[in-house]
Amino acid sequence: MSESKEEELAQIRKTLKEMLVKDLSLEDIRPEDIKDDEILFGEGLGLDSLDAVEIVVLLQRNFGMEVKDMENRKDIFSSIDTLAKYIYENRKEVS
Amino acid sequence: MNINGIGIVFTRGRGIDSFEKALQEGWRTPSQVEIKGRKSFAYQVDAQMLSDKRLLKKMRRADKLSKMAVIAAYEALAGSGIGDFNKKSIGIITATAFGAHVTTFDFLNDILDYGEANVSPTTFSNSVHNAAASYISSLLNIQGPTLTVTQFFFPFHSALQLAQAWLNEKRCDYVLVGAVEQYGDVLGYIYDSELTPASDGMIKPFNFNPTYQVPGEGSVFFLLSNKNHDDTFCEIHNVSINADEKDTLQADLDIIDTDGLVADESIYKNCLSPAIPVAAYSPLFGSMMTGSAFNCAAGALMLKKQTVYANPVADNPKGLNIVGETGRSNIELLRCIRYNCHGEKAEIYLRGKPNGEGREVNRQNQG
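Listed in order, the protein sequences are those of chains A and B. Okay, so the first sequence: first residue is -19 according to our numbering, each after it adds one. Okay, so the second sequence: first residue is 166 according to our numbering, each after it adds one.
Heads up, some of the hints might be wrong.
Claimed, not checked - 27 Å max Cα-Cα, derived DSS-like pairs, lysine-lysine:
| id | chain 1 | residue 1 | chain 2 | residue 2 |
| --- | --- | --- | --- | --- |
| 1 | B | 469 | B | 510 |
| 2 | A | -15 | A | 54 |
| 3 | B | 335 | B | 392 |
| 4 | B | 335 | B | 253 |
| 5 | B | 392 | B | 469 |
| 6 | B | 222 | A | -6 |
| 7 | A | 15 | B | 218 |
| 8 | B | 483 | B | 434 |
| 9 | B | 223 | A | -6 |
| 10 | B | 223 | A | 15 |
| 11 | B | 218 | B | 253 |
| 12 | B | 229 | B | 186 |
| 13 | A | -6 | A | 15 |
| 14 | B | 434 | B | 510 |
| 15 | B | 470 | B | 392 |
| 16 | A | -15 | A | 65 |
| 17 | B | 186 | B | 470 |
| 18 | B | 411 | B | 434 |
| 19 | A | 65 | A | 15 |
| 20 | A | 54 | B | 222 |
| 21 | A | 2 | B | 218 |
| 22 | B | 229 | B | 204 |
| 23 | A | 2 | B | 229 |
| 24 | A | 54 | B | 223 |
| 25 | B | 218 | B | 204 |
| 26 | A | 54 | A | 65 |
| 27 | B | 223 | A | 2 |
| 28 | B | 223 | B | 252 |
| 29 | B | 222 | A | 15 |
| 30 | A | 2 | B | 222 |
| 31 | A | 65 | A | -6 |
These are calculated hints, taken from the structure and not from any lab test. Just so you know, these numbers come straight off a predicted model, no measurement behind them.
Could you build all of it, start to finish, from the sequences and the hints given here?
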């Protein structure tokens, strides 16, 4: 993996963590507390289906992602890592 | 009906003890806010005050309005000292004039900023009419009837009248009745545009004309029932809106809801008697359409503690018989009065809790 790609992925992961903590009001968690490979839903970070809907909106707003008709949704929403990779490969510029 | 518990969240703290402390300590300068580039004042509730580890996880999606309501309702229930509730027999009535207007404007801003398809579903759900009452029901696991009374004038009085009806028809054993309002930029702008802001941050309740307002926010909830427990504050003897003058009772003390939300409050003078001391506590919590609920809490404390609290702002240009000093007193009946801008009057009469007889009966029932 090229250095610039890794740097971009790191930046997306950082943005995602900050976004989740702020916009999902995870008041007792800091962005740096979330591990890159931590499971987001259920037993991991403890997010639920309402958070999933909120994340869909946040991806559209912040990364220009169209999430409808997405294949492998469960895998993509699994962790910060998987979300970051999907965003890196599919994002559009947000004006 | 009786007030068995009171929970409160306001600018100076949370819990009835913090309210009593504010009544004893008197006025403090409210926080500064900026409205369209102009400095003004507001009695705001610090977000830190709403961080509650016991409720936090389930409340994280709630907006400030709902958080204030949940915490006040929780405190009212917990502070009542009544441990054994049938959750299906407790009702909830949330009274508000403006409701979740801050969240509603956030939602509208989201539509403008991101388009209809990309508005936050959480923001939308928090903006709906009954959100705060629903959070209370869900978080405190209360399964009785749950309503929100949204009314510009006298919402708290209407909520009390409804609670009385529920208790009398035995639909509920207890009713959590409360008021909640939130400060926001839009409200601050409207207040400052339409009414006179207090340039020094001080509401002067006995000025009457001109009046000065300082917007407030917070929530106060009362646990009401027809039961008389050890920790009962007092009885709500009567609640009326536009009652006939002949039904007016002579109280030992009048609390008036003057807070600058009516441009001319001179009408209050007509209902006061020189022989009866008068108090007004809006300078402690701010100008709110549901300020009656906070004054009602002050009255309930007075009756329970048999203490009168000095007016936090004692400017008295009309030479009224105002309460000047905090001290022990012998009050049996207290009247809270609010007028609206149309000259309509709402009154709440509070009576000291019944003597030991009721408590004995209650103890016997428990035994």
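Cross-check of the supplied hints:
Distance check on the hinted pair: residue 469 of chain B and residue 510 of chain B sit about 26 Å apart at the alpha-carbon level, within 27 Å; holds. Of the pairs offered as hints, the one joining residue -15 of chain A and residue 54 of chain A holds, with about 24 Å between alpha carbons and a cut-off of 27 Å not exceeded. With a C-alpha separation of about 12 Å, the suggested pair residue 335 of chain B and residue 392 of chain B falls inside the 27 Å cut-off, and the hint holds. Between the alpha carbons of residue 335 of chain B and residue 253 of chain B the distance comes to roughly 12 Å, so the proposed pair stays at or under 27 Å and holds.
Pair hint residue 392 of chain B plus residue 469 of chain B holds up; C-alpha atoms about 16 Å apart against a cutoff of 27 Å. The suggested pairing of residue 222 of chain B with residue -6 of chain A holds, with an alpha-carbon distance near 23 Å, which does not exceed 27 Å. Among the hinted pairs, residue 15 of chain A with residue 218 of chain B is consistent with the structure: their alpha-carbon atoms are about 23 Å apart, no more than 27 Å. The straight-line distance between the Cα atoms of residue 483 of chain B and residue 434 of chain B is roughly 9 Å, inside the 27 Å bound, and the hint therefore holds.
Restraint check for residue 223 of chain B and residue -6 of chain A: satisfied, since their Cα atoms lie roughly 26 Å apart, inside the 27 Å limit. At most 27 Å may separate the alpha-carbon atoms for a hinted pair to count; residue 223 of chain B and residue 15 of chain A meet this at roughly 23 Å. Annotation: proposed proximity of residue 218 of chain B to residue 253 of chain B holds, straight-line Cα distance about 25 Å (limit 27 Å). Under the criterion of a C-alpha separation no larger than 27 Å, the hint pairing residue 229 of chain B with residue 186 of chain B is consistent with the structure, at around 24 Å.
With a C-alpha separation of about 11 Å, the suggested pairing of residue -6 of chain A with residue 15 of chain A holds against the 27 Å cut-off. Straight-line distance between C-alpha atoms of residue 434 of chain B and residue 510 of chain B comes to about 13 Å, which keeps the hinted pair within the 27 Å bound. A C-alpha spacing of about 19 Å is found between residue 470 of chain B and residue 392 of chain B, which places the hinted pair at or below 27 Å, so the restraint holds. The straight-line distance between the Cα atoms of residue -15 of chain A and residue 65 of chain A is roughly 10 Å, inside the 27 Å bound, and the hint therefore holds.
The hinted pair formed by residue 186 of chain B and residue 470 of chain B meets the criterion: a straight-line CA distance of about 13 Å does not exceed 27 Å. A distance of roughly 18 Å separates the Cα atoms of residue 411 of chain B and residue 434 of chain B; the hinted pair therefore holds under the 27 Å criterion. Taking the CA atoms of residue 65 of chain A and residue 15 of chain A, the gap is about 15 Å. The hint holds against a cut of 27 Å. Among the hinted pairs, residue 54 of chain A with residue 222 of chain B is consistent with the structure: their alpha-carbon atoms are about 24 Å apart, no more than 27 Å.
Restraint check for residue 2 of chain A and residue 218 of chain B: the C-alpha separation of about 18 Å stays at or below 27 Å, so the hint holds. Only pairs whose Cα atoms come within 27 Å are accepted, and residue 229 of chain B paired with residue 204 of chain B is accepted, the gap being roughly 23 Å. Between residue 2 of chain A and residue 229 of chain B, the direct Cα distance comes to roughly 15 Å. Compliance with the 27 Å bound is thereby established for this hinted pair. Of the pairs offered as hints, the one joining residue 54 of chain A and residue 223 of chain B holds, with about 24 Å between alpha carbons and a cut-off of 27 Å not exceeded.
At roughly 35 Å between alpha-carbon atoms, residue 218 of chain B and residue 204 of chain B are farther apart than 27 Å, so this suggested pair is violated. A hinted pair counts as satisfied when its Cα atoms are at most 27 Å apart, and residue 54 of chain A with residue 65 of chain A qualifies at roughly 14 Å. A threshold of 27 Å between alpha carbons decides the hint, and for residue 223 of chain B with residue 2 of chain A the separation of about 16 Å falls inside it, so the pair holds. Annotation: proposed proximity of residue 223 of chain B to residue 252 of chain B holds, straight-line Cα distance about 18 Å (limit 27 Å).
Proposed proximity of residue 222 of chain B and residue 15 of chain A is supported: the alpha carbons are some 20 Å apart, at most 27 Å. Restraint check for residue 2 of chain A and residue 222 of chain B: the C-alpha separation of about 15 Å stays at or below 27 Å, so the hint holds. About 13 Å separates the Cα atoms of residue 65 of chain A and residue -6 of chain A, which keeps this hinted pair within 27 Å; it holds.
The structure is inconsistent with hint 25 alone, although it conforms to all the rest.
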